[in-house]
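Start from the sequences and build out the full structure, keeping to the hints where you can.
What follows is the residue order along each chain.
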Amino acid sequence: MAAWSSEVGDGLFARRLLGVPVLIYRLPDGEVVACRDMCPHRFAPLSMGRKTETGVQCPYHGLHFDRTGRCDHNPTGKGHIPAGTHLRMFRIVERHRILWIWMGDAGRADESLIPDLSLVPEEGGAHDNIGNYLHVKANCLLEIDNLMDLSHVNFIHEGTLGNESMRSAEVKVTEPDGKVRAELWMPGTTGGFGPMTGQPCDQWMNMVWMAPGSMILEFGAVPPGAEPVQDPYCYAFHIVTPETDRTTHFFFGSSGTFDETEAAKAQFIREAQIRAFLTEDNPMIEAVDERMDGADFWSMRPAILTNDKAAIRVRRKLEKMCREEEAARRAEAGRVSASEPATQ
Amino acid sequence: MAAWSSEVGDGLFARRLLGVPVLIYRLPDGEVVACRDMCPHRFAPLSMGRKTETGVQCPYHGLHFDRTGRCDHNPTGKGHIPAGTHLRMFRIVERHRILWIWMGDAGRADESLIPDLSLVPEEGGAHDNIGNYLHVKANCLLEIDNLMDLSHVNFIHEGTLGNESMRSAEVKVTEPDGKVRAELWMPGTTGGFGPMTGQPCDQWMNMVWMAPGSMILEFGAVPPGAEPVQDPYCYAFHIVTPETDRTTHFFFGSSGTFDETEAAKAQFIREAQIRAFLTEDNPMIEAVDERMDGADFWSMRPAILTNDKAAIRVRRKLEKMCREEEAARRAEAGRVSASEPATQ
Amino acid sequence: MAAWSSEVGDGLFARRLLGVPVLIYRLPDGEVVACRDMCPHRFAPLSMGRKTETGVQCPYHGLHFDRTGRCDHNPTGKGHIPAGTHLRMFRIVERHRILWIWMGDAGRADESLIPDLSLVPEEGGAHDNIGNYLHVKANCLLEIDNLMDLSHVNFIHEGTLGNESMRSAEVKVTEPDGKVRAELWMPGTTGGFGPMTGQPCDQWMNMVWMAPGSMILEFGAVPPGAEPVQDPYCYAFHIVTPETDRTTHFFFGSSGTFDETEAAKAQFIREAQIRAFLTEDNPMIEAVDERMDGADFWSMRPAILTNDKAAIRVRRKLEKMCREEEAARRAEAGRVSASEPATQ
Chain X
1 MAAWSSEVGD GLFARRLLGV PVLIYRLPDG EVVACRDMCP HRFAPLSMGR
51 KTETGVQCPY HGLHFDRTGR CDHNPTGKGH IPAGTHLRMF RIVERHRILW
101 IWMGDAGRAD ESLIPDLSLV PEEGGAHDNI GNYLHVKANC LLEIDNLMDL
151 SHVNFIHEGT LGNESMRSAE VKVTEPDGKV RAELWMPGTT GGFGPMTGQP
201 CDQWMNMVWM APGSMILEFG AVPPGAEPVQ DPYCYAFHIV TPETDRTTHF
251 FFGSSGTFDE TEAAKAQFIR EAQIRAFLTE DNPMIEAVDE RMDGADFWSM
301 RPAILTNDKA AIRVRRKLEK MCREEEAARR AEAGRVSASE PATQ
Chain G
1 MAAWSSEVGD GLFARRLLGV PVLIYRLPDG EVVACRDMCP HRFAPLSMGR
51 KTETGVQCPY HGLHFDRTGR CDHNPTGKGH IPAGTHLRMF RIVERHRILW
101 IWMGDAGRAD ESLIPDLSLV PEEGGAHDNI GNYLHVKANC LLEIDNLMDL
151 SHVNFIHEGT LGNESMRSAE VKVTEPDGKV RAELWMPGTT GGFGPMTGQP
201 CDQWMNMVWM APGSMILEFG AVPPGAEPVQ DPYCYAFHIV TPETDRTTHF
251 FFGSSGTFDE TEAAKAQFIR EAQIRAFLTE DNPMIEAVDE RMDGADFWSM
301 RPAILTNDKA AIRVRRKLEK MCREEEAARR AEAGRVSASE PATQ
Chain H
1 MAAWSSEVGD GLFARRLLGV PVLIYRLPDG EVVACRDMCP HRFAPLSMGR
51 KTETGVQCPY HGLHFDRTGR CDHNPTGKGH IPAGTHLRMF RIVERHRILW
101 IWMGDAGRAD ESLIPDLSLV PEEGGAHDNI GNYLHVKANC LLEIDNLMDL
151 SHVNFIHEGT LGNESMRSAE VKVTEPDGKV RAELWMPGTT GGFGPMTGQP
201 CDQWMNMVWM APGSMILEFG AVPPGAEPVQ DPYCYAFHIV TPETDRTTHF
251 FFGSSGTFDE TEAAKAQFIR EAQIRAFLTE DNPMIEAVDE RMDGADFWSM
301 RPAILTNDKA AIRVRRKLEK MCREEEAARR AEAGRVSASE PATQ
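Protein chains in written order, with full-length UniProt numbering: chain X, 1 to 344; chain G, 1 to 344; chain H, 1 to 344.
Just so you know, these hints were derived from the structure itself, not from any lab. None of these values were measured; they are calculated from a predicted model. Heads up, the beta-carbon is just placed ideally off N, CA and C, and yes, glycines get one too. There's no promise every hint is true.
Label pairs and their in silico Cβ distance ranges [stated by the list, open to error]:
(1) H:A264 to X:I274: 52 to 62 Å
(2) G:H73 to X:V173: 17 to 27 Å
(3) H:A226 to X:P75: 37 to 47 Å
(4) H:A83 to G:C322: 26 to 36 Å
Listed below in C-alpha cells is the structure:
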C-alpha cells in the first residue's frame, strides 16, 4: 500500500517507500502515476516541481517527464534530450480506496496479488472511518507482530479494549487461501469494548493477514450462548508498508458507512482505534525497536509462546517470499547479463 | 555504581549501564533486584511494566518474572512457559547509600572489590549533600582525567575555586592499597575557595581514586605554617559509570551531616560543586570528547605533562584490569565450550 | 577561503574547514595565525581559551602556544614542556578582504594559486555588500554545480531573477588561464532583474570559476542592439569551502562601493542575493544532497544536458587536481619514509 486514495489529491504527493523516495500524482484523465521522486539530471526531488496536463516538470532546470517517465521536453539550451533520460516508474493501481504499488520490476507486477480489501466500505457514509495514518518509528514486522498476537490487548489495552477475563484465550491459527487467520474465541468472559463492555458475553477477535502487510480484524460480542454472528460493520483494517528498515507507514480504519442514527457507534470505534494505536501500541512497538536496535529477530532468540503462532507463521511466510523473490531476481539477472549488453 | 540508593524508590527504575538497559527495583522484604530491562519474549522494556509483590510483569503480553529472573507465570493461552525463559540478572549490593552493580557473570562478582565509600555520611543531616547526578556527553575516562588532574582548577575554575597562586603545585602520586592518590600541597598561596578565600594560607587538594570509577577529594586550608588537619566534613565524592562509550553517569556529593549552625557551609559546598560541574567542567569534557570523536586516546599521541601522572596511572590500571578480565573471560569460554553443549 | 577578513575580529575565531577544526586569530602586530583548534595535551578546543599578546592559552590546563604553534609556557607543576609539544599550523594569507588558508603541508603552500578576487571592492562604501555568509547542508560540489549552470535561474528563480524568455540561451564555455568561463548571452529577451526588469533587452550572465571554489558573476542588460558594456559595479562573488563532506561554507557578496545616490541599487542587489540563496537555491541544493545521500556523483549516472558543460568541466578539473595532489602526497611520503625515521 502506497497511500489511501484520499491522500493523493490534485497536487504532487511524495512518500518514501521501502527506502525509495516515490512521487505519486493524478493526470486529468484520472490515471495515477508513480515514479522515483528524483530527476535523472541533477537528482532534484520532482515533488518540489509542478504538475502539468501531461506529466511533471522538474523544479531545478525544467526537464519535463510524461506519464511513462520519458523526458519529452528540455526547455534550456537548444532543447537536446540525451537518449535514455527517463524516470524509474512503478506500477500503481487504485482499488478499494487504496493505491497499491509494486516497487519491483514492472514486468513482474501481478495485480492478482493485491490483497482483497473489498470489505473497505464505499466512500460517502456520514461517519466514514477510512483514511487514517500514523508514522511509526519501528521495523514493519514489529507492527505485524503486534497485530497478529492479540493477547497483548489484555495488557497494553487493559481497561480500554481488554480485561483479565479475556487473557486465557488460546489462539487458533489456520491458513485459508494462503492467508493467516488467528482466531481468539473468548466464551464466558466480560465484554472488553463496544456495547457489551463490562457485561457477561461470548466475544471474539479474529485477525486475518494477507501478504504482505494487510490485516483485517473481525470482532464482536454476543450474550453468553447466543450465536456469534459477525456484524458486517465490525471490521477494522490495518495495513503496513516499510518506509525504511526502522520506520513504518501504518494505515488503518474501520467499516462501515454508518447512517445518522449510528453516529455514536462509528465515532466510538474511530476514537478507540486512534487512541489505542497512538498512546498504547506505538510507544511499545517503538520501544521494542529501540531495544532490538536493528538486530535480526531470530538472532535475539525470542522465547516463543503459544499465542505467537500466527505472528511467527507470517514472519516465516514473508521470509520465504523474500527468498523466492531474491532467487527470481538473481535468475533474471543471469538471463539478462547472458543475452544483452548492460544498459542504465 | 548503578545509582544512589535514594534514586530507587517504590517503582521500577531504568538506567542504561555499560550500554545495557538495566531495570532495578526493590521487593517488599527490602531485597534489591537488577536485571536486563528487556523481556526475553518480545523484547519489551520491563520498566514500562508493573512491579508485583514478588517480581515484575511485562507490559506487553503479561509474562511475570520472579526475583531470580525466572518466568513464573504466563497469563495467556494455556499458560505454557518455554524452558529457559529467564532474564539476564545482575548482582547488585546496597552499601554506603549507593547501589553497586556487577555487570559481568554473576559467578565472578566479588563484593570485596566494592570501593570503600564509608566516608559518605549517614542519611538525615539537616543539609545532606549526597545524591547529586549529572549526565555527561563524554567518555567516562575523560571525566576521570579531569578529576585526577586538579591543576585544571586554576584555569577552568579560576576565580571560583582556583587562582594563579595555586598553579605551580606539582602533583605527588602514591598508590596506597591499589588506589591512586594524587596530592596537591600548595603552601604559601592565596585561598581559592571556602572560608580562607583570598587569604594567605597553606592549602591542599588530594584526590584518591578507587577502581573502577570512585574518586574522593580531601581538601582544606589553614593559616600559613599551621598544621594541615583534614576537616572530617571536607570530603567530596565523585563516582562515574559509563552509560555508553560516549556518555557517562556522573554521581557526586560531599560530606557531611551539618547541623543547623553550619547550614551556610553545607550550602556553599553544594552550590559550588553543582555550579563548577555544570557550567565549567562538563562543557570542557564534552568539547574534548567531540574533538576526539571516538578515537583511541593513545592513538592521538597526547603530550604528557608532569601533572598528568595520576590520570595516566589510573588509565594504565584500568587498561590492565580490562585485559585481565578479557583474558579470564576467554579462558572461561574455552573451558565451557570444551565441557558443555552450547545453551542460550 | 577560510573567512571574510571582517569575520575575524579581536577574539578567537573557530571554524571547521575540510573536516578539521581550525582556530584563527590576529596578533597585535597584525599577523593572522591559523592552527588546529585542539590542544595537543588533552585535546581541548583552544578557541574556548584566551588570546594573549603573543599567542593563545589553552582553557583546560593553561598551556600557551606562540604564533609558530610552539608551546612556550606550562604554568603547572615545575613548568616542564615535553619535546614536540606544538600545534598543527596552517598557512593563512589576507588578500582582497578575504582570509585564504592552505590546509595541506605548509611546504606545499603556493600563494600564486590564490584566486584573483581583486574585483572585490575596497572597504568603506556607503552600502558595502561584502561579507555575507550562509551555512549549507550539502556537499560543496553541489553548490558549484548550481552556480556554474545558470539555466536554473529561469526555474528556481522564475519571476525574481529569471523568466521564460531567457530559457533557450545555450551556454558557451571557455577556459581562459585555467579558469572556466560560462557565458549566457540572451539577446532579444525580457529583462529578468535589475533596472531592465520586464523590458525588452539584450542581457548576459557570465560566471567565471577559479580553482578551487571561487565564482565571479558578470551580469548586465542593455536595450536591444546596444553595445553590451559590463557595468563595473555589476559583479557578484561566490566562494565555497567544504566544512565537511556534507556541509559547505558559502561566502557571497557583490560590488561595488556605491555612493549615497545609488543606495537603492546596492540595496536591491544585496537583498536579491540573500533572498535567492536562502529561499530558492539552498533548499534545492540541500534536497539534492539528501537524495544523493553521500553517493558518488558519477555512480548515479546523471543525464548530461548541454548547459551542464561548465559545471562538468569544473568537476573534471577538481578531480584532476585531487588526483595530482594525492599522487604528490604519496611520492612525498615515499621519500620521507625512505630517508627519515617516523616522527609525530
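| query | Looking at the structure, which of the earlier hints fail to hold? | reply | 3
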